[in-house]
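Undergrad: First to last, the protein sequences are chains L and G.
Start counting the first sequence at 1; every next residue gets the next number (our numbering).
Start counting the second sequence at 1; every next residue gets the next number (our numbering).
FYI, nobody ran anything at the bench for these hints, they're computed from the structure.
Ideal Cβ placement from N, Cα and C applies to all residues, glycine included.
Watch out, some of these pointers could steer you wrong.
[To be verified] Covered stretches of chain L, going by a simulated chain G footprint (3 or more residues, C-beta under 8 Å): (1) 44-56; (2) 70-78.
[Said to hold, decoys possible] Some chain G residues flagged as far from chain L (calculated, every beta-carbon gap over 12 Å): (3) Gly34; (4) Leu234; (5) Leu320; (6) Pro366; (7) Ala376; (8) Gly380; (9) Asp401; (10) Asp421; (11) Tyr427; (12) Arg465.
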Amino acid sequence: MHHANHFYGHAHVLAEYCGLDAEHPPRIDGYVQHGWNVVDGLGIGTPYMPGRPIFVWSEQTRRRAWSMGRRQATVIGAPFLYLLRFAPPPPEPVTRAGTIWYPFHGWESQRVKGSHGRLVDEIMATETGPVTFCLYWNEYRNDRVRAEYEQAGRVVCHGYRGFQFRDTDTRFLHNQLGELRRHVRVASNRLSSAVLYGVAAGCEPAVYGDPMHLEREDLATAERIRRQWPELHGRHPESEPARRSALAELGDGYLASPAELRAMLGWTPDRLAAERVAVPA
Amino acid sequence: MIRLIGGEMPGWREDRPPAGGALYGYLADQLPAGTSVLVAGPHEHALIESLAARTAVTCLVRSQPEADELAASGLDVLCGTLAKLTDADRWDVVVALDGLGRLCSVEGPQYDWAECLRALKRALRPGGTLLLAVENELGVHRLVDPAVATAAQTDDAWRPMGEFDDSKPGTPGRLAEALVSEGLAVDWLGAAWPFPGSPTMIATPGALRDGPVDALGAAVAGAVASSYEKRNALSDPRRLAAAAVRGGLGPELAAAWLVIAHLAPRPAVALQLPPVLIGDGPLARTLPPGRLLEELLLAACLRHDLPTARRLLSGWLAALPDVAPGNVVVDGETYTKLDPSVPPRADVLRGFATTLLTGGYAHPWPAATDLRTLTAILHGAAGLPGDVPAIPPGEDPPVPDTRREHEEQVRTLRRLLAEADARAQQYERDLAKRDAELTKARVQIAAFGGTFGYRVAKLGYGVARKARNRLKKRA
Numbered sequence: 001m002h003h004a005n006h007f008y009g010h011a012h013v014l015a016e017y018c019g020l021d022a023e024h025p026p027r028i029d030g031y032v033q034h035g036w037n038v039v040d041g042l043g044i045g046t047p048y049m050p051g052r053p054i055f056v057w058s059e060q061t062r063r064r065a066w067s068m069g070r071r072q073a074t075v076i077g078a079p080f081l082y083l084l085r086f087a088p089p090p091p092e093p094v095t096r097a098g099t100i101w102y103p104f105h106g107w108e109s110q111r112v113k114g115s116h117g118r119l120v121d122e123i124m125a126t127e128t129g130p131v132t133f134c135l136y137w138n139e140y141r142n143d144r145v146r147a148e149y150e151q152a153g154r155v156v157c158h159g160y161r162g163f164q165f166r167d168t169d170t171r172f173l174h175n176q177l178g179e180l181r182r183h184v185r186v187a188s189n190r191l192s193s194a195v196l197y198g199v200a201a202g203c204e205p206a207v208y209g210d211p212m213h214l215e216r217e218d219l220a221t222a223e224r225i226r227r228q229w230p231e232l233h234g235r236h237p238e239s240e241p242a243r244r245s246a247l248a249e250l251g252d253g254y255l256a257s258p259a260e261l262r263a264m265l266g267w268t269p270d271r272l273a274a275e276r277v278a279v280p281a
Numbered sequence: 001m002i003r004l005i006g007g008e009m010p011g012w013r014e015d016r017p018p019a020g021g022a023l024y025g026y027l028a029d030q031l032p033a034g035t036s037v038l039v040a041g042p043h044e045h046a047l048i049e050s051l052a053a054r055t056a057v058t059c060l061v062r063s064q065p066e067a068d069e070l071a072a073s074g075l076d077v078l079c080g081t082l083a084k085l086t087d088a089d090r091w092d093v094v095v096a097l098d099g100l101g102r103l104c105s106v107e108g109p110q111y112d113w114a115e116c117l118r119a120l121k122r123a124l125r126p127g128g129t130l131l132l133a134v135e136n137e138l139g140v141h142r143l144v145d146p147a148v149a150t151a152a153q154t155d156d157a158w159r160p161m162g163e164f165d166d167s168k169p170g171t172p173g174r175l176a177e178a179l180v181s182e183g184l185a186v187d188w189l190g191a192a193w194p195f196p197g198s199p200t201m202i203a204t205p206g207a208l209r210d211g212p213v214d215a216l217g218a219a220v221a222g223a224v225a226s227s228y229e230k231r232n233a234l235s236d237p238r239r240l241a242a243a244a245v246r247g248g249l250g251p252e253l254a255a256a257w258l259v260i261a262h263l264a265p266r267p268a269v270a271l272q273l274p275p276v277l278i279g280d281g282p283l284a285r286t287l288p289p290g291r292l293l294e295e296l297l298l299a300a301c302l303r304h305d306l307p308t309a310r311r312l313l314s315g316w317l318a319a320l321p322d323v324a325p326g327n328v329v330v331d332g333e334t335y336t337k338l339d340p341s342v343p344p345r346a347d348v349l350r351g352f353a354t355t356l357l358t359g360g361y362a363h364p365w366p367a368a369t370d371l372r373t374l375t376a377i378l379h380g381a382a383g384l385p386g387d388v389p390a391i392p393p394g395e396d397p398p399v400p401d402t403r404r405e406h407e408e409q410v411r412t413l414r415r416l417l418a419e420a421d422a423r424a425q426q427y428e429r430d431l432a433k434r435d436a437e438l439t440k441a442r443v444q445i446a447a448f449g450g451t452f453g454y455r456v457a458k459l460g461y462g463v464a465r466k467a468r469n470r471l472k473k474r475a
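Assemble the whole structure, with the sequences as input and the hints as a guide.
TA: Below is the structure:
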């Protein structure tokens, strides 16, 4: 329905889980939450078609969406958790080392403001093992920013999120899972999807360092996040509460069976036959 | 033999059915042989005849044609109005399972409830026993009744008092007090469902208090369900009755109370009655423990507790795939059929989807507003293999047809229509935008992909337009 359903290859992951064509996922009858957020699960500026479901990650997000007038929010859990259900296990022997660090990122409409250099210094003073910096494509493509991180460690990018069904890196989440599984810790200067995914992939989480900020950012929301999830913030948060909280945000325990998910997303055999025209990747 | 006592109604018949049914029949059968019994008010022939086969029975009715019929079958009949009973008319037992509302005819004084009770008490010999049913004006059957009792238009409703008869007790406790104030000691009291005239479940307040309360709630819901199949109601009486029992208000909101009381000095007839009667007699089997599956599923749906909803759906369809959720009780992981006599159904998931949709219950799949999609989702949530192929066959379950659900359906349809309208407008805007893009793209394709002559002409036209604009600007 909306091109954000294809961001990070979410639709592709869900199609593969449902036993359908992962290269050309069928049209989803609603909006899949494409990243962790503290509103109704919809991305900023998504034109919402009334009556269509928002497929949110967690029950808490559903409640919040309801309170914001979104009556059709439906909990399915994060697509990343579905990937974990069918992704092949990491190659043996499993070796994890160091930290994968996700600096707070900007996007097409909002650049991130702050000193990357000072953040790198703070990270290197905290982390004891090797650090992999994972930059969002927005910063990765910026040679000056990338160079600041390259001076301190290995720099990777999981791929391009995609836009208007074009250039989507449909293996984005696969790449991310592969990287997360190579690290002991996952960290960021803001609580974000990546930190939650890291927990699901078996990393110890941490959220610390200069939080930086976006152009025209509503900083009250960032403060609210720190107040609501203190267990996930800090250089070394206590493991078990952090893990419980992160998995709840991803909707762990709420994942649907392939048959239930197919029916929810509008992927029933007759609908698929009627659609025929595949949505481009 | 018939005796006209005065106030009889010639050429007139009761236009509502008499009290009866299997449970009243069972109660009457408990009366010992060899006593004299007055059956006061309209009762089913089967009940009267069964009683008359064992003991001496006199009937009191106000309709003369009905009195004639009773007499024709060999019974002793008094025809007339209650006020005409004399002190010479005394019995060991008075049976008034129809209540006290149809004892006075149009002629003569119109007794209220307490006056009727006094008249019946006078008809008892010392130590005599009264078997009485009292309709609860706040019973579940009345709370969900779309009709107004005080506006009844039947031929017997020449003075429809409903809840305005202040002499009528409103709780089991006040009923017992009223009997005591008439010198009657209460031997046994039971709360009855679903209707005063023909209950199919009776339980004593003690049984309802001591439980198993969930199982009794399920049994009451079942008793109400079978009587309200496709029947009009204001709201779903199953939920109301079961919630009342679970909430400790079962006796207070039951449809009627049944009471056995005796006059001093001692009961001539000592009746031994069980604490719970279901169907046609005492509860022969132990009620399976646990809570009604349908209520557990609805609660899980209302809480949006998907893990629990899925666990219940899977457990149910693995254990009892052809029993509707209103007839299954769940105790931990054990699923038991509540009423074994109900025939199997093949479309139980479709039935539950219908309950969710027509009942207006909030559930975790709110965008599934059509029966087919919701059934397919439930099928998947229950872990059943494959997709639901087509519109699943079956009939809607025979559930109460309630006004509240109609209201909810109208509200839902209005919302769906408004949403569809908003979407159509959005699609039209999108289409207009796409059309504009397509037109532009076609021009570009024609310009770059057309014949040489076309491209030259197009180029020339562009140059000429620019030249003209420049000239205009200079001018």
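Undergrad: Against this structure, judge whether each hint is valid.
TA: To see whether the hints hold, each was checked on the structure:
no., hint, verdict
1, 44-56, "holds (count 6)"
2, 70-78, "holds (count 5)"
3, Gly34, "67 Å, holds"
4, Leu234, "26 Å, holds"
5, Leu320, "20 Å, holds"
6, Pro366, "5 Å, violated"
7, Ala376, "4 Å, violated"
8, Gly380, "3 Å, violated"
9, Asp401, "26 Å, holds"
10, Asp421, "9 Å, violated"
11, Tyr427, "9 Å, violated"
12, Arg465, "32 Å, holds"
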